[in-house]
Amino acid sequence: MRRMLCLAALLGFLGSTAWADERAHAEMAEALAAQADLHPAPLVLPSTAAAPRHAATASAVKRGTGPRAAADAARTAANQASQRAQTQAGSQALAHQAQAAAAAAAGQAQSQAAKDRATHPHPR
Amino acid sequence: MGMCAEVRAEDSSTPRHLLLGVRAFKEARYDEALVELRLVARASDAPPDLAFYLGPTLYKLKLYDEALVVFVTSHAEPDALTDFYRGQTYYQLRLYRKARAVFAGLRARGLGPVLDEAAGRYVDTVDTAYRAAPTAASLDYYIAQGLEIAGRDPVLASEYLDEARQVEALATAHHRHLEIVTALAAAWNASGRAQDVVELLAALRAPPPEPAWELARAYVTLGDTVRARALLDSIVKAHGAHGGDASALLEKLPP
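From first to last, the protein sequence lines stand for chains A and B.
Read in my numbering, the first sequence has 1112 at position 68, and its numbers run on one by one without any break.
Read in my numbering, the second sequence has 1362 at position 215, and its numbers run on one by one without any break.
Keep in mind the hints are simulated off the structure, nothing from the lab.
None of the hints are false.
Short, incomplete list of chain B residues facing chain A, as computed with Cβ under 10 Å:
hint: 1; residue: Leu-1165
hint: 2; residue: Tyr-1200
hint: 3; residue: Val-1261
hint: 4; residue: Ala-1265
hint: 5; residue: Arg-1268
A virtual CB, placed ideally from N, CA and C, is assigned to each residue, including glycine.
Here chain A stands alone, though its shape is the one from the complex:
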């Protein structure tokens, strides 16, 4: 009898879990459809040619933080600028400029790292 009760409880539990999952799925599907971004933001192809990151990278390298740290710092700064731009003005153009700046810093840091490796080779 105890086993029967236990089995019934287990089946009830599994049934209620499945029902809850289905309900969650249905509600989420409705929310996802309602909140999808139906209009793409203007698109600007990224490029490593953007200028503002020269200063950030050079100063960070000069401070001795290294190209990797410089890239990280530049990326962080650019991301913050990008987020500010998106939040404050809703301006996609500003956000893209900031992100492009992040890309440029990463490229420069990578180039610096390659130069460092060439200058100070070490065995694999």
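Model the placement of chain B on the given structure of chain A, informed by the hints.
Coordinates of chain B only, in the frame set by chain A:
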């Protein structure tokens, strides 16, 4: 009786957190949704389609890197809404070729009218941007991003490098082609996608040591020791990059 008590103790807490997460998402309280869904993600009985909930929540919080990793590592059955948000995430990360492929695929499989129109707008926007051949600077951006994160996040790195590969295919001339495919192969090897590495590199005739090394590693992972051994032998004989690694790996291979 013990079992009954256990069942009661669990009291469907994972579905409860899931539902709380969904309700928070519906009300645009995405940070709260994320807290609930992270609890779900840690549970042993997390739903297999967790990406359906967690990916869009991360997307709404603008945590695009993390969202993309959730989407691309999900083993759940393809789902149109999840894929739509995956496409949006690619777009936000400026992985436009990848975004385009997702939206075009969704349209081919069939969407409701509203999402279909939206997917069409994404495809058109990307196509407009790529009406002219991509520049070397644009390719350099994707390569730099991929290489920058390859060490700490090979899954995400492979997305950037795969974008670079697709963009490079649209360029009027090759630009860092071998570097792109080699880095992509390394990222795929590091994220358990050996079969993709083979499909990417197997067509190369007499590959240079770097891609040959990645291809050999993929063959080893897939258990194809015959092909792996042939490549590793050629790397050792070339006395170039990865010669030592290739020797060490050869010694580990079964006879």
